[in-house]
Amino acid sequence: MTTTVTTHRPRPPAQPATLRAKRLPRYAAPAIAVAALLVAAGVVYGLGIGGPVLVVVLGALCYLAGLFTAANAVEGRRAARNRTWSALIHSAFVLAVLPLASVVWTLVSKGVERLDGNFFGTSMNNIGARDANGGAYHAIIGTLEQVGIATLITVPLGVLCAIYIVEYGRGRFAFAIRFFVDVMTGIPSIVTGLFVLAFWVLIVSPWFNDGRPGFSGFAAALALSVLMLPTVVRSTEEMLRLVPAPLREGAYALGVPKWKTILRVVLPTALPGIVTGIMLAIARAAGETAPVLLVAGGGAAINFNPFENNQSSLALFVYQQAGEASKYSPARAWTAALTLVALVLVLTIAAKLLARRNRLGR
Amino acid sequence: MGETPHRSAHAGTGGTRVTSGHEWPAGASARVAETSGNPRTPIGNGLGGGGGLPKARAFGAERAFRGLTLAAGAAVLVIIAAIAVFLIAKAVPALRANTEDFWTFEGWFPNDNPPKFGIGALAFGTVLTALLALLVAVPVALGIALYLTHYAPRRIGTGLGFVIDLLAAVPSVVFGLWGRDYLVGPITDLSTWLNKYFSWIPIFGDGPYGSSILLGSLVLAIMVLPIITSLSREVFLQTPTANEEAALALGATRWEMLRTAVLPYGRPGIIAAVMLGLGRALGETIALALTLGSTYAISFNVLQSGGNTIAANIANRFAEANDTGRGALIASGLVLFAITLIVNITARAIIYRRREFTESAA
Chain A
24 MTTTVTTHRP RPPAQPATLR AKRLPRYAAP AIAVAALLVA AGVVYGLGIG
74 GPVLVVVLGA LCYLAGLFTA ANAVEGRRAA RNRTWSALIH SAFVLAVLPL
124 ASVVWTLVSK GVERLDGNFF GTSMNNIGAR DANGGAYHAI IGTLEQVGIA
174 TLITVPLGVL CAIYIVEYGR GRFAFAIRFF VDVMTGIPSI VTGLFVLAFW
224 VLIVSPWFND GRPGFSGFAA ALALSVLMLP TVVRSTEEML RLVPAPLREG
274 AYALGVPKWK TILRVVLPTA LPGIVTGIML AIARAAGETA PVLLVAGGGA
324 AINFNPFENN QSSLALFVYQ QAGEASKYSP ARAWTAALTL VALVLVLTIA
374 AKLLARRNRL GR
Chain B
737 MGETPHRSAH AGTGGTRVTS GHEWPAGASA RVAETSGNPR TPIGNGLGGG
787 GGLPKARAFG AERAFRGLTL AAGAAVLVII AAIAVFLIAK AVPALRANTE
837 DFWTFEGWFP NDNPPKFGIG ALAFGTVLTA LLALLVAVPV ALGIALYLTH
887 YAPRRIGTGL GFVIDLLAAV PSVVFGLWGR DYLVGPITDL STWLNKYFSW
937 IPIFGDGPYG SSILLGSLVL AIMVLPIITS LSREVFLQTP TANEEAALAL
987 GATRWEMLRT AVLPYGRPGI IAAVMLGLGR ALGETIALAL TLGSTYAISF
1037 NVLQSGGNTI AANIANRFAE ANDTGRGALI ASGLVLFAIT LIVNITARAI
1087 IYRRREFTES AA
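From first to last, the protein sequence lines stand for chains A and B.
The working numbering puts the first residue of the first sequence at 24, with every later residue one more than the last.
The working numbering puts the first residue of the second sequence at 737, with every later residue one more than the last.
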């Protein structure tokens, strides 16, 4: 025994170097990068065809080519591919982070300009092109009311629909519902806006509005609820499927009827996940501009009544201020955008934190 | 107590399903629903002990609840049908009044007398911007998703993944505002440069530059990037570790492991993510209404100011529209609805087929 151990022990260091794959030295990649940048700078400034941005782009391409050639010569084809793809994936990351970071930075730096009490306390009523003040109070009211009504409509409908799909539905009809819920997720928001315009504003609302079509916050809520419905159904459905079968069977064994099992056992178990889905749907609906533009009309004054007269919303406020010629309107637009993003992000983060605490997690 | 649950003969069969209930991909099939079964199976009364149980009532709470969920499920189908019906009802009068060919005329004058409008240029612009945006966004998004799941250190990966999820929730109006106020400058420079050196490629034609298809589709790309990334990241995370480790154990490099284990496993999910991105891009309204130059001509010159999409056109022209104008916009919305419906149904059909395939293979 001891002899085998002693003969084995010296082996790894004695392994001939040819058996190990050759690797590029550590300094190779940075060296190639520097060389590529120098070559690119030489070409760009030598020919006078561009500025520093082009140098970086061309340098990146040269780096990829140089890295592949060097690795191909030393390490072989497979390792060369591996290195090149790795570099490409890293550069995709850098490429995407730049504009996204720019969006966030612009949003914050421009948004704080008008972030004051006046902005949150006043509306745009009687604010002319030369007035520096004016705010989004009416728009915030509009967003909260519209999204609130839309949630009240969507949540019962969506949860019941998901219960049908998971618990009762069978065969072709349930499959068709599932399929069309999926299809519904892809309906553009402007189309739901047009639908509510054609159905509610132009056909139904004249009945109780002296024959004239009337814009209202409620119409916007209807459009938003059409948008929210598929999200709520899908997330509820997934959560209901995660509820363990023994829970249901335990309830059945105790003689509890099916509907009571669903309401008292299945739904409470899946509740955190369902709430997460609902909050994400609310966050998405709060940011929608197009349907509100088409059916709520957008107004400058404060209107607490969602069933009558024009209402605005934060997203619509951003769009309208962006289109105005006044030199003060861009600042208002950015501050409203910041407020909107803050609202949406708070909802999203809360939803994600709730999802993390969910016992049913995947 | 309402009525009895299923017969005991039924409840006993739940055993085999207990463990498997967790393992299906969420929303994979309706099999869990089948285990709960129909409360009104014919085997009821004859079987053991059944005679001692109370009989099912014809109009109990069970029926009512079941009917309620059925109604909610049917509501989805009703809404989709209603969207089509009401849009058609409002579009037909305007289409009758149109004096030019709806499909080929390049222009939008529905408020004139006689009204003239055509969808050709708008549909072309919609498809072109969406495809260009996906062309840019998809490779980058997949790159970031791979980086976050397989290259970045775990802490950074999860943290940045969370940030990307948050960015996916940022409303599109914010991206539109950013594109219009800040991206215009760099894009104008880029357009000038491209035209100077690459004008022999027909898509890089003459100016004026600025709010062009290039700007619109880049803003769109930046907007759908987080959406596609966060979806495909989830898909990549679900790859079984065993598959990855098996590939690595066979001597695969990291890229080979990604190519042979991760990408094939995630293919249906990637298709779904891309299609969702395409749906968003096709239906995007406000970001494009703010960044495109809104002209009505079919042109492949992506640098020149101009371009328009169906959705952006609706947002831009809605305020000034009269009765026929609204009808015309609704008709264009109907076309958009049809396009997105076709894209969605195709995508879902692919995913459903694929899903069955991967499920049986996994």
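Read the hints as simulated data drawn from the structure, not as lab findings.
Just so we're clear, the structure is a prediction, and the values are computed from it rather than from any experiment.
Possibly wrong hints are sitting among the right ones.
[What the hints assert, rightly or not] Facing chain A, a subset of chain B residues (Cβ under 8 Å, in silico):
{"#": "1", "residue": "Ile819"}
{"#": "2", "residue": "Leu823"}
{"#": "3", "residue": "Val828"}
{"#": "4", "residue": "Val876"}
{"#": "5", "residue": "Tyr887"}
{"#": "6", "residue": "Pro889"}
{"#": "7", "residue": "Arg891"}
{"#": "8", "residue": "Val906"}
{"#": "9", "residue": "Trp914"}
{"#": "10", "residue": "Tyr933"}
{"#": "11", "residue": "Phe934"}
{"#": "12", "residue": "Trp936"}
{"#": "13", "residue": "Trp991"}
{"#": "14", "residue": "Glu992"}
{"#": "15", "residue": "Glu1056"}
{"#": "16", "residue": "Arg1084"}
Glycine included, each C-beta is placed from N, C-alpha and C at the ideal position.
Hold the hint about glutamate 1056 of chain B up to the distance rule: shortest CB distance to chain A must be less than 8 Å.
Violated, because the Cβ-Cβ distance from glutamate 1056 of chain B to chain A comes to roughly 13 Å (cut-off 8 Å).
Interface restraint verdict for arginine 1084 of chain B against chain A (beta-carbon cut-off 8 Å)
holds (5 Å)
Regarding the hint that tryptophan 991 of chain B lies at the interface with chain A, is the smallest CB-CB distance below 8 Å?
Holds. Min distance 4 Å.
Would the hint on tyrosine 887 of chain B stand, with a C-beta cut-off of 8 Å toward chain A?
holds (6 Å)
Hint validation: tryptophan 936 of chain B versus chain A, beta carbon distance must be below 8 Å. Holds or violated?
At 15 Å from the nearest chain A Cβ, tryptophan 936 of chain B fails the 8 Å test, so the hint is violated.
Under the criterion of a CB-CB separation shorter than 8 Å, is proline 889 of chain B in contact with chain A as hinted?
Cβ of proline 889 of chain B sits 13 Å from chain A, so the hint is violated.
Using Cβ atoms only, decide whether glutamate 992 of chain B comes closer than 8 Å to chain A, and label the hint accordingly.
Holds - the Cβ of glutamate 992 of chain B comes within 8 Å of chain A, reaching about 7 Å at its closest.
Going by Cβ atoms only, is valine 876 of chain B closer than 8 Å to chain A?
With a closest approach of 5 Å, the valine 876 of chain B hint holds.
Hint isoleucine 819 of chain B vs chain A: min CB-CB distance below 8 Å?
holds (5 Å)
The hint names valine 906 of chain B as touching chain A; please verify it with the least Cβ-Cβ distance against 8 Å.
holds (6 Å)
Restraint check, 8 Å cut-off on beta carbons, for leucine 823 of chain B near chain A:
holds (6 Å)
Go through the hint on tryptophan 914 of chain B and say holds or violated, using the shortest Cβ distance to chain A against 8 Å.
Result: holds, 5 Å to nearest chain A Cβ.
In terms of the numbered hints stated before, the structure departs from hints 3, 6, 7, 11, 12 and 15, listed from lowest to highest.
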